[in-house]
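So the sequence shown is numbered by the numbering used here: it starts at 1 and just counts up by one.
If you are wondering where the hints come from, they were derived from the structure by calculation, not from laboratory data. Some hints here could point you the wrong way.
[Stated by the list, open to error] Label-pair restraints from in silico Cβ distances: (1) E7 / Y34: 32 to 38 Å; (2) A97 / D36: 15 to 21 Å; (3) A96 / H39: 16 to 22 Å; (4) A97 / Y34: 18 to 24 Å; (5) G91 / D36: 19 to 25 Å; (6) G91 / Q53: 18 to 24 Å; (7) I78 / I30: 15 to 21 Å; (8) E7 / E75: 25 to 31 Å; (9) M94 / E62: 28 to 34 Å; (10) G37 / D88: 19 to 25 Å; (11) H39 / K18: 24 to 30 Å; (12) E7 / A97: 16 to 22 Å; (13) M5 / L87: 16 to 22 Å.
[To be verified] Within a straight-line C-alpha distance of at most 27 Å, the following computed BS3-like cross-link-like pairs (lysine-lysine) qualify: (14) K18 / K72; (15) K9 / K76; (16) K29 / K72; (17) K72 / K9; (18) K18 / K29; (19) K76 / K29; (20) K18 / K81; (21) K9 / K29; (22) K81 / K29; (23) K18 / K76; (24) K81 / K9.
On a predicted model such as this, the values are computed, not experimentally measured, just so you know. All residues carry an ideal CB built from backbone N, CA and C; glycine is no exception.
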Amino acid sequence: MGTIMEENKALVRSLLNKLVEIGHNVTWKINNTYTDGLHNTILEIRIYEDQLQTGRIAFQLESGQVLNYRYKALEKRIPIKIMDMLLDVIGYEMQAA
Numbered sequence: 001m002g003t004i005m006e007e008n009k010a011l012v013r014s015l016l017n018k019l020v021e022i023g024h025n026v027t028w029k030i031n032n033t034y035t036d037g038l039h040n041t042i043l044e045i046r047i048y049e050d051q052l053q054t055g056r057i058a059f060q061l062e063s064g065q066v067l068n069y070r071y072k073a074l075e076k077r078i079p080i081k082i083m084d085m086l087l088d089v090i091g092y093e094m095q096a097a
């Protein structure tokens with residue numbers, strides 16, 4: 001399970017860094033909001049543009065399943081995996097540019 005978690009973390013960081021490259025003054029933070037000791041770790045990504053929060057994504061690290069999110073005017077659809085969610089965010093920003 002540890003290898004999958006590390007791969008998920010690396011992919012998430014890579015996609016977030018890509019968002020920083022294409023976005024306008026974009027930054028991000030990841031917080032660990034919940035761990036129950038039974039292989040359930042919930043992380044929350046906060047995305048900022050010009051120091052204002054423009055997005056918030058909560059997902060389970062082990063499965064990559066997004067639990068809840070909002071990002072600007074991006075249409076909500078659940079269930080979705082974190083990688084797909086971040087690709088949608090990147091696509092949204094590319095269309096806006």
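Hints, one by one, checked against the model:
1. Here the CB-CB span from E7 to Y34 is close to 21 Å, at odds with the stated 32 to 38 Å.
2. Here the CB-CB span from A97 to D36 is close to 40 Å, at odds with the stated 15 to 21 Å.
3. Between A96 and H39 the Cβ separation comes to about 37 Å, which falls outside the hinted range of 16 to 22 Å.
4. Range check, A97 to Y34: about 34 Å between beta-carbon atoms, so the 18 to 24 Å window is missed.
5. G91 and D36 have their C-beta atoms about 33 Å apart, which leaves the hinted 19 to 25 Å range violated.
6. Range check, G91 to Q53: Cβ separation about 20 Å, and the 18 to 24 Å hint holds.
7. Remark: the range hint 15 to 21 Å for I78 to I30 is upheld by a beta-carbon distance near 20 Å.
8. Taken as a hint, the range 25 to 31 Å holds for the pair E7 and E75, whose Cβ atoms sit roughly 28 Å apart.
9. A C-beta distance of roughly 29 Å is found between M94 and E62, which places it inside the suggested range of 28 to 34 Å.
10. The hint said 19 to 25 Å for the Cβ distance between G37 and D88, and at roughly 32 Å that hint is violated.
11. Checking the proposed 24 to 30 Å range against H39 and K18 shows it holds: the Cβ atoms sit about 28 Å from each other.
12. Between E7 and A97 the CB atoms are about 29 Å apart, so this pair departs from the stated range of 16 to 22 Å.
13. One distance hint, 16 to 22 Å for the beta-carbon pair M5 and L87, holds here, with the actual separation near 20 Å.
14. Only pairs whose Cα atoms come within 27 Å are accepted, and K18 paired with K72 is accepted, the gap being roughly 18 Å.
15. Under the criterion of a C-alpha separation no larger than 27 Å, the hint pairing K9 with K76 is consistent with the structure, at around 23 Å.
16. At most 27 Å may separate the alpha-carbon atoms for a hinted pair to count; K29 and K72 meet this at roughly 17 Å.
17. Distance restraint check for K72 and K9: the Cα-Cα separation of roughly 23 Å lies within the 27 Å cut-off, and the hinted pair is therefore satisfied.
18. Taking the CA atoms of K18 and K29, the gap is about 14 Å. The hint holds against a cut of 27 Å.
19. Of the supplied pair hints, the one linking K76 and K29 holds, its CA atoms being roughly 21 Å apart against a limit of 27 Å.
20. Restraint check for K18 and K81: the C-alpha separation of about 18 Å stays at or below 27 Å, so the hint holds.
21. Restraint check for K9 and K29: satisfied, since their Cα atoms lie roughly 13 Å apart, inside the 27 Å limit.
22. Using a Cα cut-off of 27 Å, the hinted pair K81 and K29 holds, with the two alpha carbons roughly 19 Å apart.
23. Restraint check for K18 and K76: the C-alpha separation of about 22 Å stays at or below 27 Å, so the hint holds.
24. At most 27 Å may separate the alpha-carbon atoms for a hinted pair to count; K81 and K9 meet this at roughly 13 Å.
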